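Participant: Taking the hints into account, I'd like the entire structure generated from these sequences.
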Amino acid sequence: MKKTLMILLLVLMAGCGGPIIDTQQVPAKYISGALPTEDPNSSLWNDAPEHPAKMMVQDVTEPKLIDPGVTLLKVRALHNRDWVVFRLEWDDPTQDLIPKSGSSSDAVAIQFPLLQGSDVPDAAMGEQNKGVRIWYWKAVWQDDDERAKAGKGDRIATLYPNAAPDHYPFEAEPLKKDPKLQAEAARRYAPAKASGNPILVRPNSGPVQVLMAEGFGNTTPTGTQPSAGHGVWNSGRWLTTIARPLKGGDSLGTLETGKRGYIAFAVWDGTKQHTGSRKMRSGWVPFILDEK
Amino acid sequence: MPRVNNWQIGRTMSYWYSESRPNRQFGAVFDINKCIECQTCTLACKTTWTTGRGQEFMLWNNVETKPYGSYPLAWDLNVLKKLGPQTWDGSTYTGQTVFEAAPAGLRVLGSERQTIDYNYPNVGEDEILGKVDRGGSLSIPQQMWMYYLPRICNHCTYPACLESCPRSSIYKRPEDGIVVIDQSRCRGYQECVKACPYGKVYFNPSTGTSEKCIACFPKIEQGLQPQCFVNCIGKIRLQGWISPPEKVKEDNPIDYLVHVRKLALPLYPQFGLEPNVYYIPPVHVPDQFLIQMFGPGVAKAKETYRNAREDKTLKGLIALFGCTERTIPYFKIVGDYAVALDDNRREIVRVPIYEPVIVRKAQDRLYQIMRSNTT
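If you read the sequences in order, they're chains A and B. Letter by letter, the first sequence follows residues 13 to 304 of the numbering used here. Letter by letter, the second sequence follows residues 28 to 402 of the numbering used here.
Just so you know, these hints were derived from the structure itself, not from any lab. Everything numeric in this text was worked out from a predicted model, so none of it was measured. Keep in mind that the hints are not guaranteed to be accurate.
From the structure, some residues in chain A lie toward chain B, with a derived Cβ separation under 10 Å [stated by the list, open to error]: (1) M68; (2) A136; (3) E139; (4) L171; (5) P181; (6) E196; (7) Y201; (8) P203; (9) G208; (10) P210.
Positions of the beta carbon are idealized from the N, C-alpha and C atoms, including for glycine.
Facilitator: Below is the structure:
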């Protein structure tokens with residue numbers, strides 16, 4: 013009996029061989045070589061410590077979130093002295109890609125104060141003259157890229173595969189011979205695209221957009237900051253990476269190894285129509301890049 | 028929260044931004060009595076603005092049948108239900124506006140909108156209800172009523188869409204009060220789609236941004252009326268400029284119909300947006316229904332309309348509807364003619380107030396046949 017119990021205990025202990033949990037901070041583990049910037053399932057993540065970030069409703073500014081969404085975000089981080097990559101894990105029973113009336117795209121973001129140090133701005137999008145920089149991953153942008161690479165249809169064809177619209181002016185016979193003219197005609201009926209809206213004409217390649225903010229309502233893409241990332245949804249769970257260089261395209265928000273900085277998180281659930289300030293967010297969480 | 032004056036509800040109310048009226052305000056009058064729901068306006072708008080990818084279901088202009096029609100689905104019932112029973116005291120609204128009834132954490136009492144809400148633009152078409160209160164032209168067992176309600180964006184003085192946008196991507200143009208969405212700034216949060224109680228902001232799933240009626244502002248800038256106005260075969264629409272009550276000009280057609288004669292009424296004034304498209308209510312529909320939709324001025328407006336035949340100024344002004352593509356800022360009556368005037372009060376066009384009436388005898392003596400009175 014004693015022997016059986018012992019074996020059972022060992023089996024259980026082996027099963028508990030999960031990551032080291034660090035509830036106080038997000039520690040980014042150093043590894044040499046390439047980072048798994050676009051591979052949230054890489055085995056490299058197995059040895060990275062995990063921070064369970066508690067998420068709360070955004071209830072500072074209107075529109076506020078009243079009903080909670082994702083309450084726990086599991087965060088792991090790796091760096092190689094040039095880049096740092098975060099792996100964000102959260103439960104979401106539905107995968108929401110293309111936004112439409114009544115639903116939006118799943119998304120997640122990490123935020124850093126522009127000036128690292130103890131005098132951090134408000135974690136809710138920063139403050140005037142005390143801005144924040146945000147790396148924002150959105151499922152629909154990744155989906156757009158993947159569909160384009162696979163030669164699949166656009167958002168409308170994906171949402172409504174059986175729809176048969178009567179006529180688009182840009183599909184008129186005379187225009188079919190000239191793709192340039194055809195594209196120009198299509199642009200006339202897509203004012204957001206024609207005006208260079210950064211959610212369509214994305215300054216960053218890939219599904220992660222880099223944004224600046226100095227408080228609510230003024231989020232603006234920077235377009236100058238490199239980024240990378242990739243999300244995988246499987247069985248009600250998102251695993252998403254977001255990567256950034258330690259040094260940006262400017263001197264602001266630079267991360268240094270061994271120095272304590274701060275990071276904050278936000279998650280949007282598309283099914284619940286979370287967009288903009290309707291989100292789950294964290295406060296500032298201490299963040300440190302392993303010096304080794 | 029600032030207090031602003033809303034003359035349509037006869038009192039001040041809470042609004043997110045302080046009162047700031049444009050230099051002049053786009054205004055329009057639709058004569059419901061003349062609308063036949065031919066949807067020419069809808070097509071005129073559709074072919075001009077919304078034939079792009081992602082705009083398939085989008086009707087900036089639509090015409091629906093009342094009481095059972097609605098597009099998007101149940102747009103009006105949703106708000107009325109959420110607001111619950113509200114009251115007027117004479118011409119003062121004593122209930123709550125959609126701003127005052129905003130739930131905790133939101134700026135406005137809005138409605139959730141789903142894709143399916145846009146799938147049935149003709150729902151309830153030609154469905155009828157109840158009795159004609161003054162008797163019909165013929166006697167049938169069931170005397171019933173319905174009417175057509177043509178709708179565009181109301182370019183409200185206090186737009187709920189504008190108030191709800193957390194990015195301030197929506198603005199009222201100071202030169203004409205037209206409400207537009209900055210397509211380069213919108214990030215597709217859909218707050219405006221939910222906030223507009225009239226359901227007149229649409230989400231474009233292709234671009235990921237919200238879009239709405241722009242009152243054909245490139246035409247307005249040239250002194251021309253929008254596409255849905257000039258293509259209306261029933262000539263039910265007149266576009267011009269609406270003044271606040273303290274600045275009324277009697278020779279301004281919209282001011283005259285709205286303020287002076289109180290013939291044209293706002294759509295659901297109790298919502299509190301001070302909408303700037305005004306309706307001449309259908310005279311055959313019971314007051315009980317119309318008061319909910321157009322406010323307490325319904326009975327007087329119906330009476331005025333019924334007597335318009337005897338009123339040269341009113342009849343003349345109604346004759347100017349749909350008679351020119353140009354915007355009519357001013358008008359005057361000269362003899363038996365109604366004259367449309369431009370901003371410098373120069374004549375644009377003149378139309379006869381009375382059309383010649385020729386009564387032909389029932390029997391055509393030349394051909395020795397009886398004439399039938401069909402068209």
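Participant: Regarding the hint that A/L171 lies at the interface with chain B, is the smallest CB-CB distance below 10 Å?
Facilitator: With a closest approach of 6 Å, the A/L171 hint holds.
Participant: Less than 10 Å between beta-carbons is the criterion; does A/E196 satisfy it with respect to chain B?
Facilitator: violated (13 Å)
Participant: A/Y201 was flagged as interface toward chain B. Is the shortest Cβ-Cβ separation under 10 Å?
Facilitator: holds (2 Å)
Participant: Tell me if A/M68 is really an interface residue toward chain B, meaning its C-beta lies closer than 10 Å to one of theirs.
Facilitator: Where the cut-off is 10 Å and the nearest Cβ of chain B is about 14 Å from A/M68, the hint is violated.
Participant: For the hint on A/A136, just tell me whether its beta-carbon gets within less than 10 Å of chain B.
Facilitator: Since the shortest Cβ distance to chain B is 12 Å, the answer is violated.
Participant: Given A/P203 as an interface hint, is its Cβ closer than 10 Å to any Cβ of chain B?
Facilitator: The hint holds - A/P203 has a Cβ within 10 Å of chain B, the shortest such distance being about 4 Å.
Participant: Hey, does the A/E139 contact hint survive, CB to chain B under 10 Å?
Facilitator: violated (17 Å)
Participant: Hey, does the A/P210 contact hint survive, CB to chain B under 10 Å?
Facilitator: holds (8 Å)
Participant: Is the shortest C-beta separation between A/G208 and chain B less than 10 Å?
Facilitator: holds (6 Å)
Participant: Holds or violated: A/P181 as interface residue toward chain B, Cβ cutoff 10 Å?
Facilitator: holds (5 Å)
Taken one by one, the earlier hints fail for this structure at numbers 1, 2, 3, 6, listed in ascending order.
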